[in-house]
Amino acid sequence: MKQDCDKCGKPATVHLTEITDGQKVEKHLCEDCAAAEGITVKANLPISQLLEDFILQTSGHQETSDLECDVCGMTFSEFRRRGVLGCPNDYDAFEPVLLPMLQRSQEGACEHIGKVPRRAGSTQKKHNAILRLRAQLKAAVASEHYEKAAELRDRIQELEAS
Amino acid sequence: MKLADLPHSAGEWLRGSGPMHDVVISSRIRLARNLAGMPFLSQCSAEQQNELEGRLRREILAAKVADEVLYVDIAGANELDRRLLVERHLISRQHAGASHPRGVAISSDETGAIMVNEEDHLRIQVLRSGLDLRDAVDDIHRTDDMLEQRLDYAFHQRYGYLTACPTNVGTGLRVSVMLHLPALKMTGEIDKAFRAANDMHLAIRGLFGEGTEASGDFFQVSNQTTLGKTEEQIVEEFLGEMVPHFIEYERRARASVMKRRGIAIDDKAQRSLALLRNTRLISSDETMYLLSLVRLGVNLDRIDDVDLQTINELFLLTQPAHLQRILERELSPEARAEARATYIRRRLGTD
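Protein chains in written order, with the working numbering: chain R, 1 to 162; chain B, 163 to 513.
Simulated from the structure, these hints should not be mistaken for lab results. Among the hints, a few may not be true.
Stated by the list, open to error - The list that follows gives simulated cross-link-like pairs (lysine-lysine, DSS-like), each with its CA atoms no further than 25 Å apart:
no.	chain 1	residue 1	chain 2	residue 2
1	B	Lys164	B	Lys226
2	B	Lys347	R	Lys10
3	B	Lys354	R	Lys27
4	B	Lys354	R	Lys7
5	R	Lys27	B	Lys347
6	R	Lys7	B	Lys347
7	R	Lys27	R	Lys7
8	B	Lys421	B	Lys347
9	R	Lys138	R	Lys148
10	B	Lys354	B	Lys421
11	R	Lys27	R	Lys10
12	B	Lys354	R	Lys10
13	B	Lys347	B	Lys430
Small disclaimer: the values here were computed from a predicted structure and weren't measured.
Required output: the full structure, derived from the provided sequences and hints.
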């Protein structure tokens, strides 16, 4: 059964059942009306859009547009215009702006816990192994696997001491 | 292995088999990598770009990442060959259209490709038929490790692998699956799938087709988060939660349309096949539209004299650059419509 949008009559794609004071109210809305009501956001925001939105938001800040990388010479406003960074050092040079941007686009994360190149040395590898064990420990505690948790805690302590 | 051999058949990844092949056409994984001590491409001088291209070409070939590797100098290739590589998903549109020194290394079965001097110094890609991400991720790590022995990658204690665009930083890993969702399109529930993708932090976009990208029934779903998860986590989330949702939605929609108007679906599929078998002039978009319905008919056991591999091959080989390479001459769009129709009739056994 196809429903039309309560507001504009276009085909409804968002269906809500709300219970207010014991009264059941059904709502049928199209995507646009649902977005206008603040129920959903427009789907499928491309990465470039995300970047652009963020850069637009932060570009008013005086201190951010002045940032410049002393290795490749790229300025923050140039990054804003081109959408790509100039060199690896930009990550440190633009950190005040990049960090919140990363958190926004990366589900709140700002630390790498994945693969490490062998040449990056053992410190980073160890650091990441510990981070990973910590994530497992958290899951073990949450699911009440206490024996496993104790074992993980020991391994973390061992690694940290080594 | 020669570039001229490619256009006559589809790559291994389009063979139409592999897990969940009724809904999942193919799986793709790519890694973005840059060399330490070098600017990203946009800040490289022409000399540095040249140096990078030469060095990376030598190291890739010396690393023997596959039994047989074909390296194509994209800057020196003609336009038709560049478009052919885009159609085969071996290089990006941007890589084809740029003008600086750049290339691509391709394994002989086309399941592996490494773009040199794209947005990042290296873009390593692995393709598989069906939903086959675990094998793909093993394969890409192997290639990455072989290259890492010869190259110093730009790597940051906190942010991981550094990439030109911060949306790739961390793992540099992008997982994409190509899905065939004709029933969700028919029932109008595709919007729901789009919203679900958004909620799961996935990007979804239309695929195949020359003009309006989302016009067909093919969609590519990929992860947007590259930082704060391990490579294995990203892949497992895809396999464990995300892709099964889409497969389940689509299969349910197929069952529902068959139950409600099975005869109408049967009719659509049979008419599409009859049209393809008798066409004399056909555009690329109409071909995609009809092939999608035939594919649905095969997957719902309505059509039994065409196999999925033939359909998948037709998706690819009827595209403009492929047609022109197969016929070994340049064709106007009008001439292509005729050549395409002839080719389709031959492949579907009517000529």
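Legend entry - Non-conforming hints, listed in increasing numerical order: When the structure is compared with the hints, none of them turns out to be violated.
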